[in-house]
Every structure is written in C-alpha cells, then in structure tokens.
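Participant: Protein chains in written order, with full-length UniProt numbering: chain A, 1 to 388; chain B, 1 to 388; chain C, 1 to 388; chain D, 1 to 388.
Think of the hints as simulated: they come from the structure by calculation, not from any bench. Mixed in with the good hints, there may be bad ones.
Which copy? The list can't say, so a pair holds if one copy fits it or any two copies do.
In the DMTMM-like style, the derived pairs of lysine to aspartate or glutamate whose C-alpha atoms are separated by at most 25 Å in a straight line are [to be verified]:
(1) Lys-136 <-> Asp-51
(2) Lys-108 <-> Glu-281
(3) Lys-136 <-> Asp-125
(4) Lys-136 <-> Asp-347
There are 4 protein chains.
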Amino acid sequence: MADTNQNAGRPARVRLGMVGGGQGAFIGAVHRIAARMDDQFQLVAGAFSSDPDRGAASAAELGVDPSRSYADFAEMAKREARRKDGIEAVAIVTPNHMHVPVALEFLKRGIHVICDKPLSASLNDARKLVRASKGKDALFVLTHNYTGYPMIRQARAMIEAGELGEIRVVQVEYAQDWLAEPLEETQAVWRTDPEKTGLGGATGDIGTHAYNLASYVTGLRCEALAADLQAFVPGRRVDDNGHVLMRFEGGARGMLWCSQVAAGQENNLRLRVFGTRAGIEWSQEDPNYLRVGALGQPRYRLSRNGAATGPEAGRVSRIPAGHPEGYLEAFANIYAEAARAIIAHRDGSAPDAAVHFPGLQEGLEGMGFVDACVRSSKRNAAWIKPAF
Amino acid sequence: MADTNQNAGRPARVRLGMVGGGQGAFIGAVHRIAARMDDQFQLVAGAFSSDPDRGAASAAELGVDPSRSYADFAEMAKREARRKDGIEAVAIVTPNHMHVPVALEFLKRGIHVICDKPLSASLNDARKLVRASKGKDALFVLTHNYTGYPMIRQARAMIEAGELGEIRVVQVEYAQDWLAEPLEETQAVWRTDPEKTGLGGATGDIGTHAYNLASYVTGLRCEALAADLQAFVPGRRVDDNGHVLMRFEGGARGMLWCSQVAAGQENNLRLRVFGTRAGIEWSQEDPNYLRVGALGQPRYRLSRNGAATGPEAGRVSRIPAGHPEGYLEAFANIYAEAARAIIAHRDGSAPDAAVHFPGLQEGLEGMGFVDACVRSSKRNAAWIKPAF
Amino acid sequence: MADTNQNAGRPARVRLGMVGGGQGAFIGAVHRIAARMDDQFQLVAGAFSSDPDRGAASAAELGVDPSRSYADFAEMAKREARRKDGIEAVAIVTPNHMHVPVALEFLKRGIHVICDKPLSASLNDARKLVRASKGKDALFVLTHNYTGYPMIRQARAMIEAGELGEIRVVQVEYAQDWLAEPLEETQAVWRTDPEKTGLGGATGDIGTHAYNLASYVTGLRCEALAADLQAFVPGRRVDDNGHVLMRFEGGARGMLWCSQVAAGQENNLRLRVFGTRAGIEWSQEDPNYLRVGALGQPRYRLSRNGAATGPEAGRVSRIPAGHPEGYLEAFANIYAEAARAIIAHRDGSAPDAAVHFPGLQEGLEGMGFVDACVRSSKRNAAWIKPAF
Amino acid sequence: MADTNQNAGRPARVRLGMVGGGQGAFIGAVHRIAARMDDQFQLVAGAFSSDPDRGAASAAELGVDPSRSYADFAEMAKREARRKDGIEAVAIVTPNHMHVPVALEFLKRGIHVICDKPLSASLNDARKLVRASKGKDALFVLTHNYTGYPMIRQARAMIEAGELGEIRVVQVEYAQDWLAEPLEETQAVWRTDPEKTGLGGATGDIGTHAYNLASYVTGLRCEALAADLQAFVPGRRVDDNGHVLMRFEGGARGMLWCSQVAAGQENNLRLRVFGTRAGIEWSQEDPNYLRVGALGQPRYRLSRNGAATGPEAGRVSRIPAGHPEGYLEAFANIYAEAARAIIAHRDGSAPDAAVHFPGLQEGLEGMGFVDACVRSSKRNAAWIKPAF
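Chain A extracted, bound-state conformation:
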C-alpha cells in the first residue's frame, strides 16, 4: 500500500492486470481481495469488461490508471508487454470459454497467468493451451482455491505421511441450491449456456472443484469413472446434478456428488477419505477443523494453528486457532503461493520447496473429468477412463 515498491526490506509487489471482473462480477472481486490480503500484488491494469464503458468505470472504481484500462484483452497484452513497468501477471476472471484465448495472449508474451477454474470450456481447448504453453517462460496458476485451505493442506500432509494407511474410499461432494429454479435469463446466463460454460454444468462449475480437492488431498488420480448426470430444471441445457462412481489408481474407490439443485445447501463442499488406519473429514462450511477417526482411538479434531496441526497448515495460516479464517483467506493462499513463485522467477531462482499451486496439469485433469462424466453419462454411466 506504500507509494514505493523499492524498499530494500521486501521484494517489490507483483504488478498485476486483470481480464474480466468488472462491476457486479462476483469472482473478480474475490480475486482482488485475495491479491491484496498479503500485500504482494499491485493491480495496475485491466480489461475489466467487454463493454468499454463498464470497463472504464470499473477501472476508475478500482483506482486503475485510465491509460491502463483496456477495452480489449489482446491490446492489453500487447501494450503491457511493451511497457517497462508492464504487468508481470494477469488474473483471468472471464466466463469459461474465454480462459484459453485470453491466457494464450499473455503466456506467449511471458506474462504469468492466474486463471479462474475450470481451465476451459472444452477438453480440446484445454489441450490446446497445454500444448501452446510448452516452452513458454511463464507460470500458470489455476485458482482451485479450496486447495488453499490450511486444513486441506493438513489432510494432504497426513495422507502423504501415511497416517491414514492405504487409501480405500473417497467420498466427495459439492452441493448448492442456487440453480434449483430456472435462472437462465437472469443470474446464470452464461453459466447455463453450453457455448460459454462448456458441456458440463454443475460438473464443470463445482464438480471440478470436488474432483480436484479429492485428487489433491489423496495424491491419487481417477483411472475410470461412471457418471449419471441430470438436468432437473426444465429447459436446462447443461447438467445441474451429477452422481459419479470413481476408481482410483492403486485400488481406492470413490463417489462424487455435485449438485446445484440441492435445496437448502449453500456451498457444501465436503471431503471424506478413509484408509486402512484412519479416516478424515473436512467441510468447506466449517473449514478450520479437520476431523480424524483412527481405528481404536477416539475421534479428534485438528484445529487450524492448534495443537498437533502441522507446518503445512501453519505456513498458510495468519491468525491463532479459534479465530476462524475462511474462503477469502484460502483464496489468498493461492495468490500468496503464486507471488512466491513469481518473485522467485524474477531472477530465475526457485521458490521454497513448500510452495505449490494448481496449474495446467490440474486444469487438464479437471477438463478430462468433465469430459469423461459427460461421455459416460451419454453412454448410460459406462466406465470411462478420463483423458488427462
């Protein structure tokens, strides 16, 4: 927040641009708060809207210099790349189908990309992006923000350390109700348009989160899935509920449920993993705790920054146990990891070994998951091997 970025004591903030996220957009505001939380980014440019007036108004509201408010993302990429003080990274918060074309413009100019999920509207687009990014000297960060929750880091560390034994069963679900009634003409215009959101509706929007979370925590990839997708709301063109059986590498089995028509559910992302020795349970709506049940022991509850919670959670926590952190802090953790990587990249060094974030591979797997679900469901829930 200081005028200068040049003090000896700290690296300069990362100069950030944004594509999308104009007035009224939910996720753009979230990205900006996340970027601000730890004071590692500085928003200096943007193509905030495809509507130039709205874009300019957004820029003004955000304190972005009018000369760096662009009507067109390609123009922005070109001109920012030429500036000495041009952006180092761009946050992409557009509808899904625009992620890839926007990302390509910036990546090819060596500008790092922080992109909202899912990676794309189609598996083909995702593959195209992966191919195009080969050899580019720019980072790609996909905001699978739930992997930023400290207790999710804790869960992953415990599984990696073998505390659960061999994984047998994975139960993951993400249930909402905001699309329980037709909102096609109002709040959910692009979210329910297969051209823009992609072939998966709930599967793409939240099923990818659930899949990513399960895979991130367990370290396992799904080898085959069988999906039964539904569009319950009359006239809906994409799925709004999905039931998926999963078989993971190594023999673990799982179920995934994603729904946007589950009346009474807000953002109920919940993960349970059971191994030969212990099981864990975590819920996004109560994210500061991880419940653990080990064979022959009473269940216990690990608390963020509390007793027996490990350094993997601690390094992404800001305040003491019992003071809840939430969604924005978890989202900010993805940005903080990105900042660490970008700052290290400035002089070609590597960030601390603990730094990690979801990227192109996770994005590709997410699109492979959606693609496999849609194909399986069309074939009456036949088993499909996701193409990763």
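Given chain A's structure and the hints, the job is docking chains B, C and D onto it.
Facilitator: Frame of chain A; chains B, C and D shown alone:
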C-alpha cells in the same frame, strides 16, 4: 410386569417366543428390551441357541420356564402351537440364512413372526417365504428398526404431504468401521460367511437398512441401480464396501454408500432427500432432529416432540423434546406397532390406520436390492432392475 | 415378563409399588419404563392418584391387580408390609411436598424407596427425613437421573483418576423455555405453587439437577454460593431463572445458570469442567459423547462404548457406539443400580463395589442448595454457605 | 494498490500510520490485513517499535518509506501533522498502557485514531482521554472487532426491531486456555504485568470484548455487577478467570464468564440472549450463523448472506452464504466503517446513517466494566455500579 394379564383395563400382553438370541448375542438382547419398553409383550418361550446347554442357561437367565426352553425351533413351533397359552408371536434373531426356515415353521401354524433383517440370505429364499406366506393368517414384521425413529416418521409425513415438492435427489449412506480389519475368525464368523450371511456382506447387513430407509421416507422404489462393490480386507469373501447409483420411479436419482471399513465411523446412517421445494437431512447418530432447508428460507431444525413436528412423530415418542430418545426406543416402536396389530388381530379387527411396520414386501425389496447390487457389480456396475 | 420369578438362573424381580404417576403424569411413566428396561422390577401395587377413580383406572391400564390398587399411600404401606408377597420397593412420583410424608410411611416399614427429585419441598422436610431414616434398614434412592448417563460416569471417572488435574472452573447450566409464559393455571399448577414445589422454582426443579451433576462429576461440594434469582413471568410466585456463583472446596470456582424462560431451549443441561491439565464438556441433548480438550493436544470426543471410553461408562451401556442411548436409558441405569442394591440387600450382602446411586445425602445437598440460593437472593446475592 | 490515489472514480485511500505492530506482533499484522482488505487505506508511516532497529526493519518489510519510519510516536505525530501528505489516521497497536498517551498526541493534531482495545490500562486514563478528546475534530475508533461480524449485526438488528421481545437473560462468555500455565516470562510478558495491561487480566483482555458484545447486541448497559475474579496460575499478578453477575437497565439479568485458563478452549466467545419471544445464540468460532429459537417455532439458523438475513448483515458481507468469512473480515469491517467515516469527514459531510463503530464511549464503558469487576471482587463480589 404384573402377574396377571387379565385386567379389564388393558389387553393382555402378547405372549412372545424367541429363536436365537442366547447369551452374548447382541441383537437378541435388543429385541427383548424393545419388547419390554412399552409393556406389551411377555417372553414365555424360546429356542435361544443351537447349543442346548447355552439355550437352557439363557432361558434361566431370562426367567423363561425351563419347560418352554427348547433345543430346537421346529419342536418349539409344534409344541407352542398346541398349548392353550402358547406363544402368539415369535422373534427370530438368528443368522440370516436361518430366518426363512424358522419363519416358515411358525407362520404355517398361525404364529406371528417378528424377524430381524435382512429377510434371508438369498433372494430365492425370500421369494419362497413370500409364496409360502400367502393365505397364512399370521403377521410378518421385519425389524427395519430405523423406520421406528420419530423424525424418520416426520420426514416421511412431510414428503407424503408434498412439503419437499417433487423428489429429485436421494443421498443415503451407512458407514461403520467394525470390519476394517479381519475379524473373520472372531467377532464376525457368520457375518463374513456367504453361506450364512448371504451374497451381500455390507450390502446385506447395512445396505439393506439404507435402502429401506430411503424407500420408506420417500415412498419411492428404485427402478435401476448400478453398483460397484468391494472387499477391501484381504481374504474377505463378501463385500465390505459398496457404492451404488440409483434411479427411482418418477425420475429421482440417488446414491447409496454402505461401508464396514470406513475408519472412524460408528453407525453413521444418514439420509438426505432433496425436492423441488425443500431438502431434509437426518442422521442416526443424532436422531432427535430433522434438518430442513427450504428454498428461500433459513434452515430449521425440527425436534422430536418439539414445535411444528407432526403427529406421525408424536405418536411414537415417549418423552418431551430435548430429552433424547435413541436406538432402543426406535426399535421398540417397531415392537409397539407389531403389538397393536397383533392385539387387533386377536379379534379380527384392524389396528388404527396409523399403525404400520416393515414386512415381507420390504424384506423382498431388500433382498432384491442386494441381489441387484451383487449382479451389477459382477457385470462392472451395469444397470440392473431390482427384482422386487 | 415371565409368569414366574423363581428360576434358578436369575434373582426374582424386585416387587415394586408406585405412589403417584396416574394417567397423564409424565414422570410416573418415565419411572415405569426405566423400571422395565432391564427387567429387574415388577410393578404389582400402587396408589396412583389422590383421585380414587383415576387411581383405579390407572391401575387397570397398567395391569396392576385391583386388590393392590390403593386410594391412600399410608394404607398401601400398611397392607403391602403385611403381605408375604408385598412390595420390596416403592417409587414415589408425587409433587415435591409429598415426597417426605410418603417416604416416611414406607421407610419405617423397611420398604425401599425410589424417590423423584428434589428430595422435598423444604430443607426442614429433608432434614426430618434424614433423621427419621437413621437406623432404618431400607435403601433410599433419589432419581437424579442424569447421573445415570454413561458419559457422565466417564467424566466422573476421569476426574477421579486425575486426568483433568486439579479442578479450577465448573460451568453448569440447565435451560428450558416451557415456563416462558404463564402456565400457572394449566400445565404448571403445582410446579409454580410454593406450597407444593417448595421455595425454589427453577432452582428446585432443574437447578438441583445441575448442582447435583456438577457435584457428582467433580466430587466437590459447594462451600459458598451467591445467587441472583428472578421471577420474570408476571405473577409468578417462584423463581423461573437463577444465576449463581459458586465456590467449591479446594478452591474451584463455578457458575450455575438455571432457567425455565430461556426461549428456544428444550432441556439444555450442560456441564463443563476445567482443570489444570484438561477440560471436558457434556450436553444432555447430545449425551453419547464427552468432549475433552487437554492442554497441548487436539480436542477429542469420547463416544459411549467407543474407543478409550472406560468401564465405568461401559457397565451402564447397552448397545454399541454410534447407536444412541438417551434419557430413558440413563434413567433406567438408576433403577438398575437400585435393583442391584436391593437384590444384594435381600440376603444382607453388599452389591458390587461399582454400584452407586444418589440417595439421602444428595437429596439433602440439593435442598441445601435451593435454600441457600433463596436466602442469598433475598440478601442481594450475599455469599451463603449451603447447609448440607 | 495502484500507484495513484487520484482517480475520479473513487475517493483517495486513507493515509494511515501505525504505532506499535513491529515484527512478531500479532495484532499489528491483523490491523494491517484489516486495513488492506477493502483497499481503503494506505500504510505510509509508522513508529513500529520502541526498539529503533526493529522499527526500521519492520518499516522496510512493510514497504514503508524509511523517511517515514519513526523511532518515537510523538515525533511521528508532529512530523506527519506538518506534511501535506501526512497521515490522516493512526492505528495504535501498543500494549494497553500506551494507548492513551499515544492517542493524545495524534488526536490533538486532528489525526484520527484507530485504537486497539481495551481503551487504556486504567479507568482514570480512559477518563483523561475522553476529557481531552472533547472538541477535537478527529474520530476515535476502538477495534472491538467482534462487533464487525455480520451475524452480530444481524442479532443487534433483530433485537432493535423487537423480534426477541423484551430482553430477560444475557449469557456471554469468552474462554481461552493460552494462559493456563505460567507464560509470564515468555509470551505474556506485558499481558500479565498490571502496570502495562491494567488491573484486569482476563477481564481487561477478553472480558471487555464479552461485555462490549453483549451491550452492543442488546443495546443495554449494565447497571450493577458482582464479580468473583481469580488468578489460578501460581504467581500470576492479574486475574485469569472471572465470573460476573450482571443487572442491566430495564430488568434484564446476565452472567459473564471470561477465562484464559479454560483448558481446551481456543477463542470461544459466545453470546446468548433470551427475550420474552425468542432467544439467539452466536459463537465466534462458528461466526457465519445465528441460531434463533422462538417460542412455539422450530429453531432456525440464519446464515450470513442467506435467506431472511437482513441488510445490516449484508452490508458488511463480501461473499455468498456458505462461503465462510472469519475474524479478519470482521476486523476489516471495523476498518471499512472507519474509512467511510474518515472519507466523509474530509469534506465535513456525514457518512451513511448505517455506518457505526465502537468509540470512546464504548472504551470508557469497557474500562468501567474492568474497574467495577476488580472492585467488586476485592469486596467479595459486592454489587458495584460501573462508572461509565
């Protein structure tokens, strides 16, 4: 508990016999407490064990007259049927494969049967029993005891009254961990022996409960299912974990998970149902409450005997809201319903219209469910129409 | 439930009478279920109501022989004492002010008493009973039923074993809302009449439970208290809310809150105890768990009959962990303890060392608590040493 | 975060300085995140530590220009007041005894103060500040941060609207365990030194939060209190546990418990308020929900930004229901309110009527609460009227 059964003020207690349930058997003791709870039954005879000494010792411990302690259930059926004061009903609490042969002996003599679940060890046996019971003047009660919970009655009444709208999604699960390690030689001898438990392991033991509960509450039958069953514990001969996709009549879809290897889970039977207007959630481990989330309203919690909870729950509750009832009270509700029906049956009348309990049809559907799961899983989770 | 009580395998059931508990009375029905639960009692006589017709009708409904249905409790005591098969114990479930006169009639004839709480309507009455019972060869059991909960037994055992260290703080509360509005003329006639209920309203009815629970679990007695009592409902003649500061022997301090006007509360009896090493938390509305937080460890949850829960809880549990027990089972545990003591008493032996139940001393302490609260509150919350 | 503050679209960020909050200080970092969250502040100056080297290092780390890093807060006040671009507001995050002397230096120069709580180390100091601030044209914001939680705003609005009826009972508690063992020489040097923390230990540090929260939500002030304070840890010079009876204006009664020795408790601040019509319950460790129980209705749960939650909560929420916000967001809401007031103050206008924050009066009441607790406890829990 009085010496006499002949007071004007109340009908005589139902004279009850028991097959199985000798010393050390868990479920026999539960049936006896359930029968005692509301003072409608009197245990007067039994063939408590296939081991005659253990049977006699059990009878003595239970205060059953030695002359009515039988070494053999067929003998018991014959002799009790001849007595003027012979048993009116028999509780069958043997291993699964004995349910049908025992039931047949009593039913054919007009003695009512109260039988533990599942109905049998095989679908064929179940069908045989259903055929044989045709035209018999005796009641058959299957102790799907979870349907005795007041808040389950409440949930069913709400759905029947249309408060949830049209049902879209059913999520049901029953997770335990008591078979997470091999107990084949100790606690789970017959439960893991396909000859005695049937082809389904977890599916038969607890999957049938989960399926029955979902069907009871929603009033819907499953038209097709796709099951992926596993036997995770090395050497196990029956499934110990099952993942099932379900399609219900009328278009609802569901998932069922049953597991006996879910480390840290005790008896986590949980049902969630979502309709076009509202969703509900209930858990056996916290059974005195029903959580309801209706579109556009704050979530609320109905409490047994509390405000806005209806008569269907009230008629099977004993104590005020805030004083928890549990598993035994719910089990006793099945016995209380049976007593009402048996007492009415004495003079050929019908019990109150509200009286109901699971019976042969539910038992048949349970075995159809297990059979379909096993067949589907063998065919790689192909869709199977359960044979009901 | 068998016709005969004389089998070798088990001691004969305790012959039980009841005073009070006629049709419509809540607590009488609870006592009867509790007595039946473990099949150790046989209800054979009663003076169920001060209204003879209602008494007779109740007897008929309960299957009690008309010749042993009495219009008068003194008559009942006299005649039952003369019978060879007369009652061995009487359950007293009358309004508070009748507890002592009824108990005296039976105790003096050597008939054991199982009495509802509080012990009396006044401290003087309580003292009179204690004096009168000296030298009588009869047991006195006071149904402070919450001490029958397995996890309360567990809590007590842990504290006795020093697992919490030295006790510092006790927080206990019992909150209801059933008297939030005037029910003086309908449901709460005697409960709000100081002649019948005693000088304490909420303090006598539920405050005594809270105090007893705290004292039972910690093993500590209150040395001084300061109480601020209120009668919030206009026209109420007894307190309906009480706030109490407590100082325990050994230096622990506590707070007690009892309320019958806490809108939205059902039977929220909750105890928390904190020592130098660990703290525990238990709630009657979720009674199958005990939460434990030890310094430097993650919080854990002991489950009835679950891992690491001790034999003190196990011996009063009936079913596996995860299958909830509730209020009636806890109440039945008091009856079961009473039965063990009564049966041992038959031949002058002592019951197992683990057997214990609340009795006259606890009753006296409860009345001392109420008396001290009332006196303290009248003196503007001055510190009072309860007279025990 | 932009270089310039001068865009038409938004008011310039508030230029902020900080006193205290150098490296390793917990609460300073919290204030900075809170200030950044909504991008309304710009940290441009500081006297971060009484140790000049640590102060300079902190400034460098925070990106504050070395020329505006001061070794002395009085010097800072003087020099910043002279600059055209000097700070508009100062955040005071020192130990308690320094709050007043620091605040006075800035207030007298017309620089707004955002001060951590409690207001001072003594009631006298608090009064001195209140007197000195009379007629000063500067705002004073006290970070009683829990009043920034959306559901606390909701609770207050409901009570103000009469939804609970007339308030009868207030139960509030704040329990921690971080001082359960002696930390006098390490983590809690100044917190346990009466010269620096003030006469109240737990009462000053967290009891003031609990009192403020109860008073803020109910709109009631305590007219008299009786306190029993303890210092359980051997050698401790200030209280570490306090039990307080309260009498509020209008007849409501309450209890307050604050403890820093409650083993197993993290930051358990919990408020329950009961009125003639309904009761509410809120917990800081689960802050996104408000539980409501109205007479004759099932309990319901209001969710931040969820159905039926009002605009008072909505205006201080950032993200949809089901995505948890936490401690930092609530803290940031105090800063956001401060920013609105400061920005309005620039041109002498008033902020929106909904804008409010704790200030000197609340600070004075907090110190009056501590003072009354300490005096009452010394007089054996005599009733004391807090001096506000």
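Participant: If a hint holds in the structure, say so; if it doesn't, say that too.
Facilitator: We went through each hint and held it up to the structure:
1. Taking identical chains as interchangeable, the C-alpha atoms of Lys-136 and Asp-51 are never at most 25 Å apart, the minima being 31 Å within one chain and 47 Å between chains.
2. When the C-alpha separation of Lys-108 and Glu-281 is checked against a cutoff of 25 Å, the pair qualifies neither within a copy, at 41 Å, nor between copies, at 50 Å.
3. Taking identical chains as interchangeable, the C-alpha atoms of Lys-136 and Asp-125 lie at most 25 Å apart only when both belong to the same chain, with a minimum of 17 Å there against 62 Å between chains.
4. In the homo-oligomer, the alpha carbons of Lys-136 and Asp-347 lie at most 25 Å apart inside one protomer (16 Å), although the nearest pairing across protomers, at 51 Å, exceeds that limit.
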